[in-house]
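J.: Below, each chain spelled out in residue letters.
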Amino acid sequence: MDRFLDISQLSVAFPKAPVPVLREIDLQIARGEYVSVIGHSGCGKSTLLNVIAGLLPATAGGVVLEGREIEGPGPDRAVVFQNHSLLPWLTCYENVKLAVDQTLSKAMSRAERSDWVLENLALVRMTHAKDKRPSEISGGMKQRIGIARALSMRPKVLLLDEPFGALDALTRAHLQDQVMDIHASRGTTVVMITHDVDEAVLLSDRIVMLTNGPNARIGEILEVDLPRPRDRLALAADPRFVAARTAVLEFLHTRHANPALAAA
Amino acid sequence: MNMLAPKPAATTPAALSTPADFAALPKVSRLRPVLAQLLPPLLVVVALMALWQFAASGPNATLPPPSKVWTDARDLITDPFFDNGGLDKGLFWHLLASLQRVALGFALAAVAGILVGLLIGTSDFAMRGLDPIFQVLRTVPPLAWLPLSLAAFREAQPSAIFVIFITSIWPIIINTAVGVRNVPQDYRNVAAVIRLRGPAFFWKIVLPAAAPYIFTGLKIGIGLSWLAIIAAEMLIGGVGIGFFIWDAWNSSNLSDIIVALTYVGLVGFALDRIVALAGRFATRGTSAS
Numbered sequence: 016m017d018r019f020l021d022i023s024q025l026s027v028a029f030p031k032a033p034v035p036v037l038r039e040i041d042l043q044i045a046r047g048e049y050v051s052v053i054g055h056s057g058c059g060k061s062t063l064l065n066v067i068a069g070l071l072p073a074t075a076g077g078v079v080l081e082g083r084e085i086e087g088p089g090p091d092r093a094v095v096f097q098n099h100s101l102l103p104w105l106t107c108y109e110n111v112k113l114a115v116d117q118t119l120s121k122a123m124s125r126a127e128r129s130d131w132v133l134e135n136l137a138l139v140r141m142t143h144a145k146d147k148r149p150s151e152i153s154g155g156m157k158q159r160i161g162i163a164r165a166l167s168m169r170p171k172v173l174l175l176d177e178p179f180g181a182l183d184a185l186t187r188a189h190l191q192d193q194v195m196d197i198h199a200s201r202g203t204t205v206v207m208i209t210h211d212v213d214e215a216v217l218l219s220d221r222i223v224m225l226t227n228g229p230n231a232r233i234g235e236i237l238e239v240d241l242p243r244p245r246d247r248l249a250l251a252a253d254p255r256f257v258a259a260r261t262a263v264l265e266f267l268h269t270r271h272a273n274p275a276l277a278a279a
Numbered sequence: 005m006n007m008l009a010p011k012p013a014a015t016t017p018a019a020l021s022t023p024a025d026f027a028a029l030p031k032v033s034r035l036r037p038v039l040a041q042l043l044p045p046l047l048v049v050v051a052l053m054a055l056w057q058f059a060a061s062g063p064n065a066t067l068p069p070p071s072k073v074w075t076d077a078r079d080l081i082t083d084p085f086f087d088n089g090g091l092d093k094g095l096f097w098h099l100l101a102s103l104q105r106v107a108l109g110f111a112l113a114a115v116a117g118i119l120v121g122l123l124i125g126t127s128d129f130a131m132r133g134l135d136p137i138f139q140v141l142r143t144v145p146p147l148a149w150l151p152l153s154l155a156a157f158r159e160a161q162p163s164a165i166f167v168i169f170i171t172s173i174w175p176i177i178i179n180t181a182v183g184v185r186n187v188p189q190d191y192r193n194v195a196a197v198i199r200l201r202g203p204a205f206f207w208k209i210v211l212p213a214a215a216p217y218i219f220t221g222l223k224i225g226i227g228l229s230w231l232a233i234i235a236a237e238m239l240i241g242g243v244g245i246g247f248f249i250w251d252a253w254n255s256s257n258l259s260d261i262i263v264a265l266t267y268v269g270l271v272g273f274a275l276d277r278i279v280a281l282a283g284r285f286a287t288r289g290t291s292a293s
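Here the protein sequences line up with chains A and B, keeping their order.
First residue of the first sequence? That's 16 in my numbering, and the numbers climb one at a time after it.
First residue of the second sequence? That's 5 in my numbering, and the numbers climb one at a time after it.
Isolated chain A, as found in the complex (with noise of 0.2 Å):
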């Protein structure tokens, strides 16, 4: 197997913590992969997810990208963040700019940045509102905004991390058609970090799910074996849509049931 992003052995423990939050995580990761990370809250889904962007350091094993170890923060792995993170003081079109100048100033001129940022507002559909504060505009469009200026940087990797979570059901499954078409279109490599079952089926080549934390492991990886271009509404009654849904929920609620809610 093609081990473009390979994470092996990977275990994080925080300071002062008796029981490692991630234990042996091994997951290798192909070239265009579209992967999802499921799991209960608190199981360290996230933690992942900021290991690999080199945000956390890893307490044993590690991760690898294109051959080489990441040790922290760079472009190569782009994240959108949960709750968008833009800069409150900056334009829609100054948010991407500032990634763009930051880490393709070597790679194209002045010009060429700019066109591709704008480039990058229409792959979201967000032109219109360029010249727009992240106050002035609503969450998805915060969150479109987030996403291009994830894409802006030209990242090997796109880290996800429950970027659809805030957002009210319609405008969640308009962002997720347009991630499909961007990952269709744009052959990203794509982690991301969920706990909404449907999301994960429809969007995932492969759906990781991880046992309840701490000391969480994979449990389980299933092969979402549905052909692209992918359509919510053909796909609702498509029976392989429904079986991997069923598995993924059958392995969440009945042999990993959330402890907190198993304890109330």
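Quick caveat, the hints were computed from the structure, so don't treat them as lab data.
Being a predicted model, the structure only gives us computed values, none of them experimental.
Glycine included, C-beta positions come from ideal geometry on N, C-alpha and C.
Accuracy of the hints is not assured; some may be wrong.
[Stated by the list, open to error] Just a few of them, taken from the derived set where beta-carbon distance is under 10 Å, the chain A residues facing chain B:
#: 1; residue: P103
#: 2; residue: L105
#: 3; residue: P244
Position chain B against the provided structure of chain A, taking the given hints into account.
T.: Relative to chain A, chain B alone:
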């Protein structure tokens, strides 16, 4: 997606270009909120004036009623720009002298305060070393600095400016430092992913993120400056609104004092608003989100 509500100001040119009977309509709706804002304070001022007139009209009254203030200090109220040489000037010149001192002292405090605040916001060593000293020094009342500064500078003008400086610098330092320390982790993460470091990180992330805090410090600072200059000028003399009040007291011109106090209040209010406005302009959308 046209999410912007139509701006109220946009109705004006449209109203001007339409026939007269239509032009009258938006005019009424524009005047009403203004009246609703202005009427209550006007009514309260009139009521308070009436109360004051009544309370100060008795034979044993120690303070002049508004009518007497008007007759006594009419030239002072109506002509703030006269200049008969020496200290016999209109209130505008006294206020201008005070404002110049405040401007100089406050500008120095703003520059020094923001720089020191940035330093103790970024360096733990500077924070631990300087913070206890600042916590003690900032409680020293403004006027307590005056004798020392007179001894050091041997002149009234720089002493007054120093008192302004030392009074207004503490909130600026402290708020700037808090702002720098409170740069959200989200912004730090974004900077880390795009590898924004060193001076660029400072200019593009830290300073804009701390700007609302810095302007809070400046707003408190300008208020304290204005409080301190009046008191300091009473002691150092010369042209200035503080000494004007003290001079009026020595010559028992109570009406002059009341007029001067009104001006002091209005100028203090204006200073506060100017800094607040500058802050809103400079921080743009930062505090709103």
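J.: Each hint should be assessed against the structure and marked as holding or not.
T.: Right, here's what the structure says about each hint:
1. P103: Because about 4 Å separates A/P103 from the closest Cβ in chain B, which is inside the 10 Å limit, the hint holds.
2. L105: A/L105 check passes; min Cβ-Cβ to chain B is 8 Å, inside 10 Å.
3. P244: violated, 25 Å
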